[in-house]
Every structure is written in structure tokens, then in C-alpha cells.
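Participant: Residue numbers (the working numbering), protein chains in the order written: chain D, 195 to 343; chain R, 2 to 718.
Be aware that a few hints might be false.
Under the rule of at most 16 Å between Cα atoms (straight-line distance), these lysine to aspartate or glutamate pairs were calculated in the EDC-like manner [unchecked claim]:
| # | chain 1 | residue 1 | chain 2 | residue 2 |
| --- | --- | --- | --- | --- |
| 1 | R | K706 | D | E257 |
| 2 | R | K531 | R | D214 |
| 3 | D | K330 | R | D576 |
| 4 | R | K439 | R | E283 |
| 5 | R | K706 | D | E253 |
| 6 | R | K706 | D | D279 |
| 7 | R | K352 | R | E283 |
Calculated directly from the structure, the hints in this document are not laboratory data.
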Amino acid sequence: MVGTSLKTSEFVLSLKTPLAVGAVVISCAAPRASAQDAAPPPALLAGAFSAAQAARGEETFKEVCAACHNIDEMAGARFRSSWADQTAGDIFDFLSNAMPQGDPGSLTPEEYRNIIAFFLNRSGYPAGERELPVDKAELSKLRIVALSK
Amino acid sequence: MRAFRSGQRVVGPPGVLAVALFLALSSTPSAQLPGTANGEWRYLGGDAGHTRSSTLNQINASNFSGLKAVWVYRGDNFGPGVEYTARSTPIHVNGTLYTVMGQRRQVAAIDAATGETRWTFREPDTMRYLRSPRTDFGKGVAYAEVDGRGVIFVSTPAFFLWALDAKTGRPLENWGTKPVPLKEFPKSGVIDMIPDLVSDWDPWLKWKGGAYDPDYGLPRQLGMITCSSPPIVANGVVVVLAGHEPSYDQTRIENVPADIQGYDAKTGKRLWKFHVIPRPGEVGHETWENDAWKHSGNMASWAPASADPQRGLVYIVTNASTYQFYTGHRPGHNLFGGSVLALDVKTGQRKWHYQIHHSDQWNYDIPTAPILMDLTVDGKRIPALIQNTKQGLIFALNRETGQPIWPIEERPVMQTQVPGNYTAKTQPYPTRPEPLDKIVLGGITDEYVMDWTPELKKRATDILSKFNIGGLYVPPLPYPHTNSYVNNVGCVGGLNIYHPPVADPTTGIMYASHQRGCSAPQYLVPTEGKDEERGLAGKSEEEWRGRERHTPTTGTTVARFKQGGPRTGVLPLMDGVPVYKPLNQALAAYDMNTGEKLWDIPVGQTPARLRNHPLLKGVNVPNVGGTGHSIQMVVGDLLVQTTEDLRGEAEANDKGMPLLHARDKKTGRILASVELPVPGQYGMMTFMHDKKQYIVVQAGSARRKQPGALVALALPD
Numbered sequence: 195m196v197g198t199s200l201k202t203s204e205f206v207l208s209l210k211t212p213l214a215v216g217a218v219v220i221s222c223a224a225p226r227a228s229a230q231d232a233a234p235p236p237a238l239l240a241g242a243f244s245a246a247q248a249a250r251g252e253e254t255f256k257e258v259c260a261a262c263h264n265i266d267e268m269a270g271a272r273f274r275s276s277w278a279d280q281t282a283g284d285i286f287d288f289l290s291n292a293m294p295q296g297d298p299g300s301l302t303p304e305e306y307r308n309i310i311a312f313f314l315n316r317s318g319y320p321a322g323e324r325e326l327p328v329d330k331a332e333l334s335k336l337r338i339v340a341l342s343k
Numbered sequence: 002m003r004a005f006r007s008g009q010r011v012v013g014p015p016g017v018l019a020v021a022l023f024l025a026l027s028s029t030p031s032a033q034l035p036g037t038a039n040g041e042w043r044y045l046g047g048d049a050g051h052t053r054s055s056t057l058n059q060i061n062a063s064n065f066s067g068l069k070a071v072w073v074y075r076g077d078n079f080g081p082g083v084e085y086t087a088r089s090t091p092i093h094v095n096g097t098l099y100t101v102m103g104q105r106r107q108v109a110a111i112d113a114a115t116g117e118t119r120w121t122f123r124e125p126d127t128m129r130y131l132r133s134p135r136t137d138f139g140k141g142v143a144y145a146e147v148d149g150r151g152v153i154f155v156s157t158p159a160f161f162l163w164a165l166d167a168k169t170g171r172p173l174e175n176w177g178t179k180p181v182p183l184k185e186f187p188k189s190g191v192i193d194m195i196p197d198l199v200s201d202w203d204p205w206l207k208w209k210g211g212a213y214d215p216d217y218g219l220p221r222q223l224g225m226i227t228c229s230s231p232p233i234v235a236n237g238v239v240v241v242l243a244g245h246e247p248s249y250d251q252t253r254i255e256n257v258p259a260d261i262q263g264y265d266a267k268t269g270k271r272l273w274k275f276h277v278i279p280r281p282g283e284v285g286h287e288t289w290e291n292d293a294w295k296h297s298g299n300m301a302s303w304a305p306a307s308a309d310p311q312r313g314l315v316y317i318v319t320n321a322s323t324y325q326f327y328t329g330h331r332p333g334h335n336l337f338g339g340s341v342l343a344l345d346v347k348t349g350q351r352k353w354h355y356q357i358h359h360s361d362q363w364n365y366d367i368p369t370a371p372i373l374m375d376l377t378v379d380g381k382r383i384p385a386l387i388q389n390t391k392q393g394l395i396f397a398l399n400r401e402t403g404q405p406i407w408p409i410e411e412r413p414v415m416q417t418q419v420p421g422n423y424t425a426k427t428q429p430y431p432t433r434p435e436p437l438d439k440i441v442l443g444g445i446t447d448e449y450v451m452d453w454t455p456e457l458k459k460r461a462t463d464i465l466s467k468f469n470i471g472g473l474y475v476p477p478l479p480y481p482h483t484n485s486y487v488n489n490v491g492c493v494g495g496l497n498i499y500h501p502p503v504a505d506p507t508t509g510i511m512y513a514s515h516q517r518g519c520s521a522p523q524y525l526v527p528t529e530g531k532d533e534e535r536g537l538a539g540k541s542e543e544e545w546r547g548r549e550r551h552t553p554t555t556g557t558t559v560a561r562f563k564q565g566g567p568r569t570g571v572l573p574l575m576d577g578v579p580v581y582k583p584l585n586q587a588l589a590a591y592d593m594n595t596g597e598k599l600w601d602i603p604v605g606q607t608p609a610r611l612r613n614h615p616l617l618k619g620v621n622v623p624n625v626g627g628t629g630h631s632i633q634m635v636v637g638d639l640l641v642q643t644t645e646d647l648r649g650e651a652e653a654n655d656k657g658m659p660l661l662h663a664r665d666k667k668t669g670r671i672l673a674s675v676e677l678p679v680p681g682q683y684g685m686m687t688f689m690h691d692k693k694q695y696i697v698v699q700a701g702s703a704r705r706k707q708p709g710a711l712v713a714l715a716l717p718d
């Protein structure tokens with residue numbers, strides 16, 4: 195049999211990184227040409243989105259995305275691992291080019307941004323005073339860092 | 002008007018052709034299977050052949066616009082939270098509708114004329130219910146008469162089978178062979194189907210982790226089983242379909258096979274079990290190389306089934322095994338996955354099978370019930386089965402023999418580049434009828450590149466030159482990879498469970514709504530033995546309550562690859578404009594006697610976002626349909642049709658109200674329309690009660706904050 199056997203005692207998925215909310219969240223990075231580039235050293239940047247923005251994102255998510263997705267299934271650990279080392283701009287690109295499936299690009303840039311704020315909020319990244327920037331280049335400077343150490 | 006010989010290819014206005022064919026065919030004998038006589042709607046799909054059609058004609062083109070909503074039955078009180086979907090098509094028997102409602106999948110008996118609740122039924126709580134990945138997702142109930150008494154059969158998320166008295170909702174007395182040893186369960190009327198499922202399954206027989214716990218269900222290391230679609234009853238046998246956590250949400254390779262089981266409707270005795278993953282000596286066993294049958298599971302039958310009582314056959318469609326996107330641990334065609342199965346209802350013996358796609362790893366699981374009706378092909382009467390797919394390919398088979406009505410070819414398809422993965426060399430392509438959308442045959446070829454302006458065409462061509470273009474069966478690439486292109490791009494052009502195809506047995510015409518979608522699959526990355534992390538990792542199972550699709554992966558062995566890598570490989574839009582010509586929603590009609598597509602018309606309107614796009618200034622943007630999926634049924638001479646807004650936007654009038662249309666079933670033309678209070682979704686049904694015809698639309702809208710509901714319409718007295 196191929197694959198890697200795990201002992202059943204390890205069955206519960208363990209987060210490599212305990213959910214230390216407030217530790218570190220989104221870091222500033224120079225815009226990268228591609229995802230393969232080496233990641234520049236992260237600078238801390240807590241509170242890159244506001245709670246109100248996340249709440250607006252939640253509304254849109256419920257109306258447009260929830261027919262196919264459960265938020266608990268995409269936020270949280272899954273979000274932290276699948277978007278680690280990519281930027282908020284990458285999420286924006288993916289969502290605005292591919293989602294909602296069947297009608298991609300149908301939300302306004304503002305709505306996509308709000309949904310990213312909602313994902314961040316639900317994944318343990320703390321809200322602050324600012325909103326995620328409107329400018330795509332600015333968005334691409336926000337690198338998602340696995341909540342860690 | 003000139004009548005065309007059927008089978009002849011005619012170019013001309015689709016309406017004229019359709020009318021002509023219709024006239025030519027209307028002399029053939031009716032071929033509807035039982036279920037809709039006397040104004041009833043006894044099966045989920047109306048008749049046993051799941052055509053979703055009725056010959057009732059009190060409601061017709063001349064009075065359609067006078068329809069009024071006579072009652073609305075809301076689902077939001079049937080569960081701990083508000084559910085915006087209404088997945089279940091009710092059945093109608095003698096003045097009562099029966100269905101499952103809301104998040105909890107409770108059973109409801111509803112007065113057909115007034116919408117009053119007659120009774121409801123709620124299964125006692127169990128841990129296995131809480132653990133079920135499909136606590137909701139109920140698609141209906143089954144009905145049969147046993148010794149003159151009406152009985153409602155329901156299979157639940159916790160994998161119990163209940164037999165309820167249709168009059169009272171009470172579990173039947175003296176039904177079932179063994180009481181369920183749980184405090185709140187009645188002594189009779191319910192069966193725990195898990196012991197029956199695993200009684201001959203090696204991993205369970207060798208299990209050292211303790212005795213069976215009927216409250217908890219199967220240990221997670223072994224598998225997870227649930228139900229999604231209702232059972233189907235034919236010739237006194239309740240055939241139970243089984244579901245799973247979708248195999249794309251798993252990362253480990255072991256699971257329990259979703260074997261199909263038959264129970265005696267009268268006694269509850271288990272009569273047979275069909276191995277969906279064939280054991281040694283059984284047909285199809287050799288399609289599991291490396292002894293993968295030993296650990297593989299899933300292969301669920303989550304879509305509804307149909308039946309031909311006269312032939313004593315049930316027809317069931319299946320999906321893929323675990324894990325969905327990487328199959329290196331289960332090389333081979335993997336029968337009976339991605340197949341139509343014809344089983345003898347009395348014995349569970351396989352009469353025939355037809356594999357629609359080999360070794361599914363594209364989430365192409367077959368989403369809708371086989372449609373059964375009789376056709377006249379080249380002058381010969383043929384008992385037919387028509388299978389629609391997500392791909393948009395349409396398979397027409399003789400339902401007696403499983404033989405294709407027109408040749409089906411195996412054609413070479415793109416091969417996987419993921420180390421150790423398996424893809425079948427070829428896949429079946431029907432030569433007739435043509436697919437719902439021909440883009441699936443070759444993908445975004447020149448003909449389909451966005452060319453509404455020269456600038457857009459140039460941009461689209463530039464973008465596409467960075468991708469490797471295919472149609473169907475386009476595999477994900479590993480990441481990183483060394484190809485000169487960014488990613489593969491494939492297209493589907495079919496349908497899904499939430500807009501089922503319908504058919505008119507009086508004419509042999511099949512109607513299916515479809516949507517074009519081209520995309521680049523997400524990359525696969527090595528797992529190195531680590532599961533994909535999920536939202537509730539580490540939380541107790543109780544905390545999963547009400548969170549469907551939250552069962553952690555079953556099994557013990559992590560597949561070698563999972564989806565991952567950067568999301569930079571998507572097929573981009575051009576400032577919101579697709580690189581291919583979009584086709585949001587269209588409704589096609591096929592004369593299945595000849596295999597000819599009669600017409601294919603856009604449903605709804607091109608969204609304003611595209612119509613008024615700055616890059617399309619001055620362009621006469623064609624109607625590519627609205628984004629709401631089209632839902633329909635055949636009623637007399639009409640095709641009653643609406644659009645949903647859960648996965649798109651419903652077509653609405655200038656007051657913003659969703660519309661229910663009466664279309665001419667010959668041409669698809671809208672003859673009359675009426676407002677709906679709530680957008681429709683998933684399906685609809687019609688029935689006659691006390692000389693009055695009703696149309697019941699499954700409804701609900703997250704966008705409009707309108708919970709899942711049933712809306713009944715009728716003409717004023």
C-alpha cells in the first residue's frame with residue numbers, strides 16, 4: 195500500500211502552530227514576482243483589517259458563497275496553511291478570477307476584499323482599526339504568515 | 002407545414018424544426034413509468050423513471066398567469082439554524098405531501114390543499130448524527146403501500162432506515178428484525194443499517210478497537226457512512242442509497258464502501274447487499290490494481306435513483322472513491338465508480354453496468370438520477386435510460402441490456418503528470434447525441450476564444466498561450482512542475498443536482514439546462530503524510546453539531562498528494578471578462594428518438610456587469626443567459642421553468658420579483674409568466690387534489706434572506 199501510515203493515536207489533526215491569536219498576523223513584504231520567490235523577512239503588521247469590514251465580508255459570504263462553502267471548512271487551520279506565504283493580493287486574485295464558481299468576477303473589488311477580511315478574522319488574525327487597502331499593489335504587500343511560535 | 006423524417010438533419014429555425022418533430026412523434030404510444038397517475042407524484046422524480054413530468058393540464062398556457070401562491074411551507078424551524086436551501090422534492094399521495102425539511106432533515110406530512118402540517122417526525126439524537134457530514138442534504142422520502150397501508154421510508158444522516166405510517170408518522174409496529182438498542186428509539190419501525198453494511202467487510206471483522214457502538218457508529222479509522230438521497234421502493238423492496246463525506250474533503254485513503262442494500266418493505270428484513278467495490282471473483286474486481294479494493298471505500302450513491310418495476314430493475318448512479326484528486330493508491334478503472342448500475346430489485350444481482358468515466362478524479366460524480374422512458378429509434382421501440390452528467394455528455398442506453406443506443410467511443414485523454422498517480426488512457430464519448438455544450442470536446446479552441454473586440458481577442462489569446470488547453474478529463478498538475486505552461490485548462494458544460502434534467506415520455510424529448518465553465522485545476526502537492534488541515538481540527542466531535550461537511554477524514558493512511566501549492570495557476574479573467582465566450586445558462590431540448598438536439602436557448606439575460614462592461618463599449622453583447630440555474634418540469638404542453646439564485650442570480654422582473662414561466666415545450670418560447678414570492682431552486686412538482694391542480698416550487702434564497710421553503714401555486718376558485 196502506498197502513502198504514509200499514521201498511528202491512529204495521531205488521528206486528530208494537530209496544528210503545527212498553536213492558535214496563538216495576537217502573536218503575529220500579516221506581515222509586510224515587498225511585492226513578489228511569483229510565489230516561488232524566496233520570502234522576504236516578515237515585518238509585523240497587526241490589525242490590517244477592521245471588524246466592521248470582516249462583518250461586511252461575512253454578509254456577502256453568506257449570500258453568495260455559502261451555497262457551496264461552509265466557512266469553518268475554509269477559514270481556520272485550512273486557511274492558515276493553504277495561504278501561508280502568499281499575499282492578500284494572491285487571495286484577491288484567486289477569488290476575483292475564480293469565485294463564485296460559475297459566476298467569477300461578479301462581486302465588486304470591495305466585496306472581495308471584505309471577504310478576505312472575514313477569512314482573516316475567522317482564521318485567528320486580529321482585527322484593528324484599518325481596512326484592507328483598496329489598491330491591489332498595497333494588498334500584494336500583505337503577506338500571510340502562518341500564526342506561529 | 003412539412004413534417005421531417007425523424008433522424009434527418011435539418012438546418013432551420015429551431016422552433017419550426019421542433020414543432021415538426023413534435024408532430025411527427027406525437028403518434029407514438031405513451032411510455033411513462035408509474036407514479037403520476039391520478040394526479041399523484043409518488044416518486045421524487047414524479048414517476049419511477051424520474052422524468053419530472055406530468056400530463057395534468059388544468060394549468061395551461063391560457064390561465065398560467067393567473068396562478069397564485071396558495072401556501073408557503075417554511076423549513077427554518079426544522080433545525081438549529083436557518084437553511085436557505087430546499088433540496089427535497091415532495092411526493093404527493095392522496096391529498097398529502099411528504100418531504101424532509103430544513104437542516105435537521107425532519108420528515109413532514111403536509112396537507113396538500115392548505116399547507117397545514119399533518120405530522121412531523123424527528124429521529125432521536127445520536128452521536129453518529131452529529132458526526133454525519135450530511136446532517137442536512139435531505140432529498141426526500143420514498144413511499145409504498147404495504148398490505149394496503151401507506152408507508153413512508155426515510156434513510157437518515159445517521160444511517161438508520163425508518164418505516165413510518167403515512168397517516169400518523171408513527172414508526173411501524175412489527176417492522177425490522179432487531180430493535181435499535183438505544184434508549185430513545187422505538188422498539189420497532191427502525192433499522193440500524195451499519196451492522197448490515199459491515200457484516201461481511203474485513204476491516205470491521207478484524208477491528209480490535211472495541212465492540213460496535215450504535216450511538217457512535219463506525220469508528221473513524223474505518224470509515225463514515227451516511228445517506229443523502231432517499232431510498233427507492235420497487236416491487237416490495239426498499240433499496241437504500243448511501244452517501245459519504247465527499248471524497249474531495251478527505252485526505253486519507255481508507256473508507257467503508259457504500260454498498261447498496263435492499264430491505265423487505267413489509268418486514269424490514271435485509272434481503273441483499275450489492276458490493277459497489279467488487280470483491281474477489283466478482284465482475285470488475287480486476288479494476289482495482291494493487292489490491293486497492295481491500296482498503297478503498299466511498300463509491301457512494303448520493304444522487305437519487307430510478308426504477309422500472311415491470312422489469313424489476315433499479316438504476317443507481319455512483320461517484321468516486323477516496324481520495325478524490327489523487328488515485329495512485331487505487332490504479333485501475335475502479336468499478337463501479339462513476340457508473341450507472343442496473344440491479345435486480347429482488348436479489349441485488351447486477352443486471353448490467355455502464356461506466357460513464359473511468360477512475361474519477363475530477364469531481365465528475367454523476368449528479369442526477371437516470372431518466373427512464375421508451376423511445377422509437379429507427380422504427381424500433383427501445384426501453385431507454387438517459388444519463389446526464391456534470392461533463393455535459395449525454396449517455397443513451399437500452400435499460401434492459403445496458404447497450405448504448407448509439408455508438409460510444411473510447412477517446413484518448415490528457416494524462417496525469419503527478420508522480421505515482423493513475424489516469425485512464427481513454428474515456429467514453431457518446432457519438433450521439435451531441436454534448437450539451439460542444440466546448441467540452443476540445444476545450445477553448447479558436448471558436449470559443451473571447452473575440453467580442455479585437456483587443457479582447459488579443460488579450461485572451463495571449464493569456465491562453467500560457468496554458469495547456471484541453472476539454473474534459475484535464476488532470477491537475479503537480480507543483481512545482483517543469484512544463485513551459487502555467488497550468489492545464491479544462492471545460493465542463495453540463496449540470497448538477499440542483500437543476501435536474503427532465504423528459505417528456507409522451508414525445509421522447511429530454512430537456513436539460515447547462516452552464517459552461519472553464520478553469521485550471523488546483524495543483525497537487527506531496528502530503529508527506531500530513532492531512533489537509535480543516536477548520537475544526539482538534540475540536541471534539543460534539544462541536545461539529547450542525548456543521549455539515551465537517552467530519553474529519555476517515556482512515557489511517559494519508560494519500561501521497563493533496564490539493565495545494567500557490568493559487569497563481571488560475572485561469573484569469575480580463576478585468577472581469579472571461580477569456581472564453583461565456584454561456585451562463587441555457588436550456589436544451591433533445592429528441593431522444595433520434596438523438597438530435599432540437600434547440601438550445603439562453604435562459605435569463607446576460608448580466609449587466611458584462612453587458613455594460615467598459616471593455617465592451619459599442620459591442621452588441623449576445624445573450625449568454627443569466628447566472629441562475631434553470632429548473633424545469635414538463636406539465637401537459639408546457640415546460641414550467643424558473644431560475645435559482647443560490648449559485649447565481651435568479652431572473653427577475655422590473656419589480657425584482659423572480660419569475661415562473663410557462664414555456665411552450667415544443668419551442669421553449671415563453672408563453673406566460675407569473676411572479677414567485679421566493680426564487681425557486683433544485684426542483685418542482687405538480688399534482689391534482691380535489692379536482693384542483695397545484696404546482697409546488699422548492700424555494701429559498703440566501704441573497705434575499707428567504708429560508709428554504711415550498712411554495713404551492715394554484716388557480717383561484
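Participant: Does K706/R pair with E257/D here, judged by a C-alpha cut-off of 16 Å?
Facilitator: holds, 8 Å
Participant: Hey, K330/D versus D576/R, does the alpha-carbon distance stay inside 16 Å?
Facilitator: Roughly 13 Å separates the two Cα atoms, so the pair holds.
Participant: For the pair supplied as a hint, K706/R and D279/D, is the alpha-carbon distance within the 16 Å limit?
Facilitator: violated, 36 Å
Participant: Given the hint that K706/R pairs with E253/D, test it: the Cα-Cα distance must not exceed 16 Å.
Facilitator: holds, 11 Å
Participant: Would you check the hint for K352/R and E283/R, treating anything up to 16 Å between C-alpha atoms as holding?
Facilitator: holds, 13 Å
Participant: Would the hint linking K531/R and D214/R be met if the CA-CA limit is 16 Å?
Facilitator: violated, 29 Å
Participant: Going straight from one Cα to the other, do K439/R and E283/R come out at no more than 16 Å?
Facilitator: violated, 37 Å
Checked against the numbered hints given earlier, the structure breaks hints 2, 4 and 6 and satisfies all the rest.
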